[in-house]
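Enquirer: Here's the letter readout for the chains.
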Amino acid sequence: MKNIIELEQTSKSFIQGDRIFTALKEVSLTINKGEYIAIVGKSGSGKSTLLNLITGIDHPSCGVVRVNGTDIHQLSESELATWRGKNIGIVFQFFQLIPTLTVIENILLAMEFVNAIPKNERQQRANSLLEMVDILDHGDKFPTALSGGEQQRAAIARALANDPDILVADEPTGNLDSSTAMSIKAIFSELVANGTTVVVVTHEGIDDSAFDRIIELKDGEIVLGITNASASEE
Amino acid sequence: MPIIYKKVLREMFIRYRSISVAILALTIGLWGVGTLLVSMHIMSNDLNQNFLQTKPAHIYLKSENFHKLDIDELLARPDIMAAEFRDKATLRVEVHKNEWLPLWLYSVNDFEKMSMGRFFKQNGRFPPAKGTILIERNNLLISDLNVGSTARVQSKGEIVETKISGIVFDPGQAPSTQDAFVYAYTDKENYSRLTGSPAQQRLMIRFSNAETKEDVKAKFKKLSNDFSRLGIKINSFYIPKFNEHPHQFQLNTLLYLNGIIGLLSFVMAMVLVSQLMSSIFTQQIRQIGIMKAIGASRTHIFKIYIAFILLMSLASILIGLPLAIITGKAYSAFVSGVINFDILTTQMPPAIYIVITLVGFVMPIIFSLPALLKGMNISVNDALSDYGIKTKRRVTSSNNLGIINSSMLSLSMRNIARRKGRMMVTMVTMALGVAIFLTGFNVRSSLQEFLDKTSQSMKYDLKVALKQPLPLAMALLPFKNIEKIKSIEGWVGGVGRIQSDSISTSTGIGIIATPFDSRLKEHDLMDGVWLTGSEELEFVANQQAALEFKPVVIGKSYPIVLKEQKLLARLVGVVREFDIAKIYLDLDKYNRLVNTDKKINSLMISLNNRAYDNVLEVKKEVEQIIEKAGMDVIYVMSQTERAVIIFNHLNIILTIILFLSLLVLSVSSMGMGSAMGINVIERTREIGVLRAIGATPKMVVNLFVIEGFIISVLSIFAGLLLALPMSALAANFFGELILGEDTPLDFAFSELGFTITLIVTLLFGYIASRAPANKATEITVHKAIAYE
Ligand SMILES: Nc1ncnc2c1ncn2[C@@H]1O[C@H](COP(=O)(O)OP(=O)(O)OP(=O)(O)O)[C@@H](O)[C@H]1O
Ligand SMILES: [Mg+2]
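Top line first, the protein sequences correspond to chains H and L. Counting in numbering that gives the first Met the number 0, the first sequence runs from 0 upward without gaps. Counting in numbering that gives the first Met the number 0, the second sequence runs from 0 upward without gaps.
The following block holds chain L by itself, in its conformation from the complex (with noise of 0.2 angstroms):
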């Protein structure tokens, strides 16, 4: 072997620690953006490809007239890929104890020949055995139900059983785990047994040539003509979004996430490569001139490092690639388990392999490159005098003792201001790390404070949503009895229609009538005001619902549709709430206008003891008298309950944010602690001086732990001050992610985040500073005058 590649390798081995440090990094650096290649592709692939092999319907339709349609003439058609019934009813089922849970059941027409909303099967039977149900795979982890046992089935008001045989795996479905609910399929004839009501009267379609939910509204339009043509009423219809999975929006966020956040680690890791790789050739400087002076060009230099430098990152290739594969799949599993698909990806495309290896390769030299030039064109006199022969000029031995009488602090001060560059450089880098770091705490703390108010603005506590409307003192009769009932109130909540363009819009506005002076509810008023009782019918829309009015005008009417009756109203204001779109109306209005028999569909309790544990246990009694008394319910769900629905669905998002900008800033002192021991090999003569004349270890120690905490709470504040912009931006990028477009959170400064940043920050600044100064400890002062 060449003795240059030798001495390259025995290099190496001596400086192992400086070495491994750098490959660490490397690693890391490579391992982030690895991680983050092997679970964009995976997932953005994967969740994807799961909902499209449901064969996702279009547009689903309802009608009572359905035995009208021909449905082979319907197929026939050129527009008309797929059509199949599939009837949709929600029901209650026992999941503990006393405790139900929302049931979607479907009917499917032939288990075996599903054309669109497919599902799989997992385990049991497939199809269900007649008058069973399968139910899917999720709820397993938010119910006792499992196959073999018997469902109870709250319809009606009446309790009916039935045996679940089987379990499936329906990609199409939000995760049970994060939306509690639950999802059965059966048979027509168990369908109409368990909700007493007839099967074919929902129709699913899928339409050939259709690339946009505004294709589907159009092709729609055509069709609805046609029906009516026929007799065929269309009661309601809905259009998702196009082929999207309900959750689709947790995976981009995150994928978002992961895109900001492993790119910054990446490009930090880098930086911290090439801080360590000057500070590797600074310990080279001299030899680097002896080598020149020998006889050695600038091609000899250049193999030498280049030859250093791709050893380095082959061994962090080695050790980051297959990281990266593993973590991004792991990863990928976690996130598919919350989200509930499955890893489709099994063999990763030899270019993510490429990809990771050229970055593992190329990214090194690039930010080693600077150093590597200094290197190759130093000239001899240069190199030489920066350590060897000349070196006596530098030592400044004039007011060394002074320095070690004056106080530490501002010698400390003094060697910052001295290496100015490098300093910067940590600095920036530390407080980018700081200012991701409280980001993250920041937004967690903006959701938290949303999510308080969310549930904060409900002074009720629980909600009882009937499937029939009752007459007011009807509802209320079984309750009476429960002595913890603070006070009860009626709404009446509802679906209708916003009138916003030439045809109808979506259907899924919901109407809440509410008393406008309600205590009930507080409002997270973004425009306007609330409901003000006056005359004229108005208003209230929460911001999912703005987004319906283009453009969104407070005080300009727009035309309603309630229950059939098209009104004009005034929209009066815009709150924001984590929902679905909804528009809240004065219930008297509400009631004169489209109500008249005034009956009510919600039973808003309000209890004395708001504690979480009586909340359950209240709702527990609620439970059973409404099985007892028979009512036809869909949901009793606690406010305290829904929070933490909420949370769940927000939770992962904040745990990743978290951990990522933990690694961030440990990257980033990892940069301090390598630029430390730059410092530290630089002063290395200073050092052996200041022995010499009589400083103590521990003096030596606390030049560059003072250093280091200087430059710490530098970066804290520097951190903090970009952490305000920033923590504005992502508040605004989340609003807008979770609750629609023009829905900014508030800005929130999280204390805890700080203080934790503040000890987080100053202890990684400390163990960043301490390593190194020690080193310097072993800095003899045989060793610092003997130039090596």
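Just chain H, with the same shape it has in the complex (with noise of 0.2 angstroms):
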């Protein structure tokens, strides 16, 4: 299947007060899999009520969102859930790791929810995925033992517990310096370059060479969509 994400003429608004705010207007997108896409633009246009859509952690006033062939919004808060665990990876800004497990337990806590990844091959996915992401000494640490990219490590590696097609990222690096925050991009390359469809919502994203295709938004609609010419080959 080559478009993973679909969102057809997809609005969202928010009721404030006796105001109807619209923080996205019908806004129309694909996404290849396996393409690495920023999405970029001002405080305040949309970028996180977009991914919002695409996990299916919020739901549209109206249009279509249709990820992996499912449309996403006709299916049960319950199956909801279990779909995203499976198929979509989630990592936060602020990193968001259960604090009273440990690092590894976290990742074996999304498996468990899931309940995708047989229960024998578990601990040892863990394991591998942590040596993915360059931590594998930490993983019986608590969260807050570690440092913010480390914690953000650990962040992806559970986002990538059940082997989902998508991994989408809300300002993943914004809360770390520099170095770290190339270190976790290199991640993403790396994940990209395996087959992962990877969504990143970023501030310093426009020079980026990286992206397959940057996304800007405006005032709740796409404005941009410049497609890097490496990704044409796909």
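You may find that some hints are simply not true.
[Stated by the list, open to error] The calculated lysine-lysine pairs, modelled on DSSO-like cross-linking and capped at a C-alpha distance of 27 angstroms, are:
| no. | chain 1 | residue 1 | chain 2 | residue 2 |
| --- | --- | --- | --- | --- |
| 1 | L | Lys240 | L | Lys216 |
| 2 | H | Lys140 | L | Lys302 |
| 3 | L | Lys67 | L | Lys562 |
| 4 | L | Lys220 | L | Lys54 |
| 5 | L | Lys302 | L | Lys466 |
| 6 | L | Lys220 | L | Lys549 |
| 7 | L | Lys373 | H | Lys85 |
| 8 | H | Lys140 | L | Lys5 |
| 9 | H | Lys85 | L | Lys218 |
| 10 | L | Lys452 | L | Lys485 |
| 11 | H | Lys41 | H | Lys217 |
| 12 | H | Lys85 | L | Lys5 |
| 13 | L | Lys562 | L | Lys549 |
| 14 | H | Lys118 | L | Lys302 |
| 15 | L | Lys466 | H | Lys118 |
| 16 | L | Lys697 | L | Lys774 |
| 17 | L | Lys232 | L | Lys218 |
| 18 | L | Lys597 | L | Lys466 |
| 19 | L | Lys697 | L | Lys240 |
| 20 | L | Lys562 | L | Lys581 |
| 21 | L | Lys479 | L | Lys597 |
[Said to hold, decoys possible] Under 8 angstroms between C-beta atoms, here's a sample of chain H residues computed to sit facing chain L:
| no. | residue |
| --- | --- |
| 22 | Leu50 |
| 23 | Asn51 |
| 24 | Ile56 |
| 25 | Arg83 |
| 26 | Ile89 |
| 27 | Gln95 |
| 28 | Ile97 |
| 29 | Thr99 |
| 30 | Ala109 |
These aren't lab readings, by the way, just hints derived from the structure by calculation. Keep in mind that this is a model prediction, so the values were computed, not measured. Glycine included, C-beta positions come from ideal geometry on N, C-alpha and C.
Both chains come to you apart, so use the hints to assemble them.
Expert: Printed below as a string of structure tokens:
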């Protein structure tokens, strides 16, 4: 399947007191499998809102969101939760690890919820994910004992726990210094190289040639979609 | 173990503070209900069992012609289950040197074959050695008498001695610790020797197929016809309450109270639990959001938090259940000691365990349900924005500096207003706690006031009740030389009957003939007026006696029987007193109509110095004179002692009210503490910001302490308002219970109680807000801004 994420005329409005504020205005967007997408735009332009619609965290006011062939907003809450766990890995700006679980347990918890990876493979898979993000030594530590960069690596490892086709990240490096941010970006590039579709909201993305496509939002509308030359081969 | 349960355990471990408060609240709630269930189960069964195992008589008959009765023929009748002679005489016995108490001496036909009114061997000999007596075990607590000692008994003015050869337990008697009576049992010959009267003159009967007092009355009516045909003249009869222990009222009060207060504190504990649960969930909202974002379904969330709740419940059951069994038993044992009955229940039925366990598991789930549902249903977006990525929108930084500078009071006020719902719950529970606590005090002072009034209404200090009426001058003679005596009045007390329906009534109406203008008694008039001294025969009834006339109409004439003479007397008033049914008549008229020889049988002595010690001293002197003069006396009673006896009847109840209401108040302040705790958690960020812009820890503490203070004050105010109707209701309830139907106690406001409530509530409120406030100061700028 080529089009892994499709938005058709999707809008999102918020009711604030007695007036309606539209954060996303009839956005149509197609993302192909394996693409590395950056979403940029000023604060309040609707980036997080768009991401939340893709992950099913939020519901569109109208329009359709199809991910991996599923019209996700037709699913019930529980179906959506399991679907999301299986198909989309989410990375947050503030890492959002469960503080009472060790790093490896955070990863195992995600597997437990979705139940897609056979039980006897989980431990090993968790280890190899930690190895991939380069924090194998920290697996048995609690999140608070980790630096910001390490926590974000752990969060990425957790997002990949159930081998999702899509990884979505909302300002994943916004809270990190630039060299740590670079190493996180390197992990994303590696994932893209291995066939995962990655959608990242970022501030400093415009000049980054690693992205296949850069989508710019302004006042809830897509104003620009730059396609990098390197991506057109696909 | 699945990771989710690992998480539950770790979470509990880390949040041990709030978890232990929640477990404590659950335990207290469960402990309360458990104790209630256990003690109710034990006591309601056991007092009755104790009483019924005596096979209580249905009726007591007195006659001098029972020799005409063929007891075998009587027993052969289908209506009669059992009949047995058991004479009873009221004598006096010396319990301590020169201190005498009434002695109820019973003659028993055959100790080994008692068919009713049974009592049981405790110690020493049973049956008693010939010519000796057995005494009731409770008597040991109020006298120097014991097995082997010799009792000095006053009978017809003479002192006779008899040895005590054993101790028995008689569950049919009112506890002598409260009623100040000595009960003794002996054989017929010794009975006659001690009393100087023949035996076999009092007959106890148990009827078959009698279920109520009414049945007994009806069956007796039939029987009395047969008796008169046989030429047996019944002098008097007495029908006790059907199958009811004389102090059942006390137990009933306790059980009612336990029920009400126990349930209330349980409800409050559960409100507290629901608050604590929502506080715990508030802390977990963000995590719930994350878990949902990485694939947790509602079932997962449900499993996690149900496990959480069940573990806490389990802990509370493990502690609360055994505790409840222990305290329930201990409490029952305490009460049984006071009322003098034996605990018969050894094994709790499984049902009690099952009910307590069920309550322990189910109630917390029900009361955490709102929080649980909120957690299950919250959307990822809402959960995360509640704390996480989106919170930056919520931080209001514009006027923070202003807040610090503006008075802390107004900030606290604003916070209370902001969390209206929760603060309302807190306030309502606090107010309820305050109200119950205050009501406890108010009822106590209502009772105290009533007792004071009762004892003040008696202007005499000592009352000597003579067994045989004497001419006034003769009765006064022996006391001539006691200088401490101010004056003595002679009254007549006796037993009369009121004709209220087709058959004559029960015999229990006391008749007091007193000079209508006597200054020795003041009256707590409920209705009508006191005796006026008019030419017509008037009477005043106390509220217990008033129950016999239905309906009670002031100004109406009722037939009364005095010394076998049927007379019409006009009811002019009803007075309230803690006493058996009594009516009052003018002494002059009484003498003229039925007491022409003008003998009196009560000496009402008033003293110059009314101090307690002096009264007791004179009492001893009076006792010595009585012994020397060989007067035949029923009792010598001082008003102060009487008040003490009455107070003893009620004290146990009062103490327990106060204790339980303190429990309620402490549970409600725990509720306040947890509400404050939630506040702190929810305002973590705000506190961090406040600290960042320069608030000192002290300021932060004040923020919460002031808030707690405002809530406490508002609760006290609301509680005070609530306490007024509650106290009035409670005074009504107690009045009815102790004094009889339609006899409310007067509402009394206890200033002492109010002061104590005020102090306790403010103190509890302070503690309840201080602890979370301290926690708030632990919030550093770093922690608050780091979102964790
Ligand atoms: N739950 C909500 N209720 C009301 N308005 C909202 C809500 N969520 C977002 N908005 C509004 O929608 C608009 C877009 O918000 P969004 O979070 O998508 O912006 P963003 O591009 O992610 O900004 P930033 O770079 O600051 O994260 C904003 O103006 C915001 O105020
Ligand atoms: Mg955003």
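Enquirer: Hint by hint, which ones does the structure fall short of?
Expert: 5, 9, 15, 19, 22
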